[in-house]
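K.L.:
The primary structure of each chain is shown beneath.
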Amino acid sequence: MENSGVKKYTFKDFTSDQEVRWCPGCDDYVILRAMQKALPEMGVNKEDVVFISGIGCSSRFPYYIDSYGMHSIHGRAPGIASGVKLANPDLSVWIITGDGDALAIGGNHFIHLLRRNLDLNIILFNNEIYGLTKGQFSPTSLVGQKTKSSPYGNTQPPFQPVELAMGAQARFFARIGGNTPKEMTQMFIDAEKFKGTSLIEVLQNCVIFNDGCFTKYTDKSVRQDMQLVVEHGKPMIFGKERNKGIILNGLKLEVVTIGENGITEADLLVHDAKEQDPTLHQMLGRMQDPIVTGIIRAFEDVTLEEREDALTAEVKAKSKFKKVDDLLFAGETYQVD
Amino acid sequence: MSTTKTNKQPEILQAVVIRFVGDSGDGMQLTGTQFTDTSAMFGNDVATFPNYPSEIRAPKGSLYGVSGFQVHIGSVEISTPGDSVDLLVAMNPAGLKTNLASVKPGHTIIVDTDSFTKKNLGKALYESNPLEDGSLDNYRVIEVAMTSLTKETLKDVVGLENKSITRSKNMFALGMVYWMYDRSIEHTIDFFKKKFKTKPQLIEANTKVLNAGFYFSETLELIPNTYTISPAKMPKGTYRIVMGNTATAWGFLAAAEKSGLELFLGSYPITPATDILHELVKHKHFGVKAFQAEDEIAGITSSIGAAFAGDLAITTTSGPGLALKGEALGLAMMIELPLVVVNVQRGGPSTGLPTKTEQSDLLQAMYGRNGESPVIVIAASTPANCFDYAFMASKLALEHMTPVILLTDGYIANGSAPWKIKSVSEMPEISNCKIKEATENWHPYDRDEDTFARNWAIPGSEGLEHRVGGLEKDRVTGNVSYVPDNHEYMTKIRSEKVKRVANYIPDIEPEFATEGDLLVIGWGGTYGSLYSAVKEMNEEGYDKIGLAHFNYINPLPKNTEELIKRYKKVIVCELNSGQFANVLRMNFSGIEFLQHNKIQGLPFGNTELIEKFKQYLS
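First to last, the sequence lines map onto chains A and B. Note that our numbering gives residue 171 to position 171 of the first sequence, counting from 1, and the numbers run on in steps of one. With positions in the second sequence counted from 1, the corresponding number in our numbering is that position plus 1000.
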């Protein structure tokens, strides 16, 4: 997208006339608002923005953004978005999906989308539950979790989206709590600026069917101690007192306290989001106490559309076929007189 | 064919059917294709029928591993690959066993005697050697030790692997057949030069073996005569031999150029449709975006995305793939985007008979989606007119803002025939429903008054931002609507939109008798079989039998009922249990539709059709 000639917008320009129909108190409102605030800051024209969603609570999202949008079918947003982007690489394409949509019914499309690396963005609303069908366990629900379809406790071990993403060669993975709108806005802008597929996992509270599922990480009172917010090039420090940090001990990440056992800030890991090897990114993503939020991985790589464009240009330059007739009348033809 | 001739003057034949059979690694498809191309270039009319197993290299010598290629060439009009065979070339006992019943008694069989070993006879479940036990007495058998003759021919060629040597024995057979039918070997030698550009030893080897077969026949006393088939009378023009799948791909290229849109294909490999993908991926020079997706669903959904973004979007598949695409096709119908879905039908249900032909997806195409979700359904009927119907499918999709299903089948998709090449400039214009900017009071579901097509506002167009989706839409704004009356209205208008396509397609024109005693009705890939049967009957003096072959299935041509009523009896012939007959019954009450059906994975035979039609005429 060319920055020149981009019009000025405010969040109102991206607000559609549709009444938002999520449950009161849902984090989805926060995400919508953050997006509406981020879009004017991205340097893209409104008519070039396309939101594609699947099915689920989150997937109503496109209706509420005044740009182009499609509320499609369950799990299939990645295919549709890929088609949009391949047809017109100049568009800013966003996939809105949830843990059921992306990781269960659409799991196959999700991993292939990541491996291909089109320049588009995915917002994964992870609430560890099926909301729209009223409370069944999802592929991220915890073992033992009691839901409408697991009244005695869930027996299916969950995916960690980060592991699935890294296994599928995600180039950009970020995570954020659903109650931090300001940081979220910036993260959406960063995702758009990143060239390649950006995946953002939002830890999104479902007030009705899974209320409080992330409270132990996201609640204001514990957030600083329970979240390590990583930033590229910065040491991994967290905690209310900013005195906790992460070191690599053997093959494990370990939480340490600065000033204890001779640990200084210089001993801490410095975050390198741009590293090609995803091993450390995956280890960070897997941490439970604290969890890691922020942009965990941002490795820039060739995109699918770049590869396709280059190949097309090369074939076009070499080809003797300029018009379809050149093909139809070439080769083994013969005359009947 | 008589065996008494001794001079070398070629005997003139009108038409001949030749079948090459062997192991699936014996190169029978290539051999048959070469004979076909050479004959077409000579000026014959041709039709082909490849028949091969779904295993890539089935165990050698097995009955189920036999691969065959049948070609019908003539100085007269040829509309089918033929029923029974004048010449069978059998590279092994299994090929002989599985194909003998098709050979006309008294006609010729060429066998590679080297392959008639005890082991191979056993694999073909022969208790005794048919070359020795008198079971072939009714045929003229030409026994040739092809494998050893090929080895002998190549003993001095440097740099050949053993495998390449034995593999080229098919060229020995081809050389023999070229000589028998008075054909030049030049075209095939040119082919070697292109195919093996970087492997000169293979050019040399194949040319040597082809020549050896050719001259072996000349000196062989067992082949006392040669035959010739004069060029056929065909309309003047530039021709080429084209396979149905290739023609389908080219029809889309032509439609993209004509419409000024870029072509997007989202597809997942599936027999027998994959050759369309193979063809279209080659054409990046025309800006074709061919996307091999992770599955059938992503094949269609990526196409839906491309259609939303303004491309001419297509997806190609076969029956099981269409089943997987069903939900997404419903979405495309609901959001009213132009999309072409090609279903190259194969034997079903389930995995069915992947490499065999059938017309059993008609009802799936018509109704295989949840809710009431009509789409346009059209069918190509010959390898060559796959070009026209791919083009028309694109035109209808773009002009009516609706998905179109194009049905072909394994028989015409893999079959080849001469095609009088059509320039893109000869094809009809294609318009589309794109709008550039919003007029006052613009809505995404504003419709054309005549077609009911909605307008096509594509991302990137300022002021036309809008949302679509699978939820029911308000009739004007396109916003989500659960209003009861609105749903009924929208259901009806989506149906009416497809019905109105009848105003834009040609009437059905009967061939042969335009009224009379019996109307033969067919659709899709059975055209050649039905045409040649009805033609033959008319030539025999049955002048009250006509043929109405349908390419437009949903909607039907407007004159369908009127046409049918001109005949005393109507028989619907299909390679299924009667799906089109039922569609006709639903549309036209009070008419008795007789049926002739075949569900064997094979096309209709001429004789079976004629017998059937005569029954109904008596």
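Rather than coming from a laboratory, the hints here were simulated on the basis of the structure. Predicted, not measured: the structure shown is a model, and the values here were computed from it. Don't take every hint at face value.
Claimed, not checked - Computed list of lysine-lysine pairs in DSS-like fashion (alpha-carbon distance at most 30 Å, straight line): (1) A:Lys274 / B:Lys1420; (2) B:Lys1194 / A:Lys318; (3) A:Lys323 / B:Lys1565; (4) A:Lys193 / B:Lys1436; (5) B:Lys1434 / A:Lys46; (6) B:Lys1568 / A:Lys323; (7) A:Lys193 / B:Lys1258; (8) A:Lys322 / B:Lys1236; (9) A:Lys195 / B:Lys1236; (10) A:Lys320 / B:Lys1284; (11) A:Lys320 / B:Lys1193; (12) A:Lys316 / B:Lys1194; (13) B:Lys1535 / A:Lys323; (14) A:Lys318 / B:Lys1420; (15) A:Lys323 / B:Lys1195; (16) A:Lys322 / B:Lys1284; (17) A:Lys318 / B:Lys1258; (18) A:Lys323 / B:Lys1422; (19) A:Lys322 / B:Lys1436; (20) B:Lys1194 / A:Lys46; (21) B:Lys1434 / A:Lys316; (22) A:Lys316 / B:Lys1197; (23) B:Lys1104 / A:Lys322; (24) A:Lys320 / B:Lys1195; (25) B:Lys1499 / A:Lys322; (26) A:Lys195 / B:Lys1284; (27) B:Lys1193 / A:Lys8; (28) A:Lys316 / B:Lys1422; (29) B:Lys1104 / A:Lys323; (30) B:Lys1284 / A:Lys323; (31) A:Lys322 / B:Lys1119; (32) A:Lys316 / B:Lys1282; (33) B:Lys1436 / A:Lys320; (34) A:Lys322 / B:Lys1097; (35) B:Lys1434 / A:Lys12; (36) A:Lys316 / B:Lys1236; (37) A:Lys274 / B:Lys1197; (38) B:Lys1199 / A:Lys316.
K.L.:
What are the numbers of the hints that this structure violates, sorted from low to high?
P.N.:
Numbers 1, 3, 6, 7, 9, 13, 20, 23, 25, 27, 29, 31, 33, 34, 36 and 37, in rising order.
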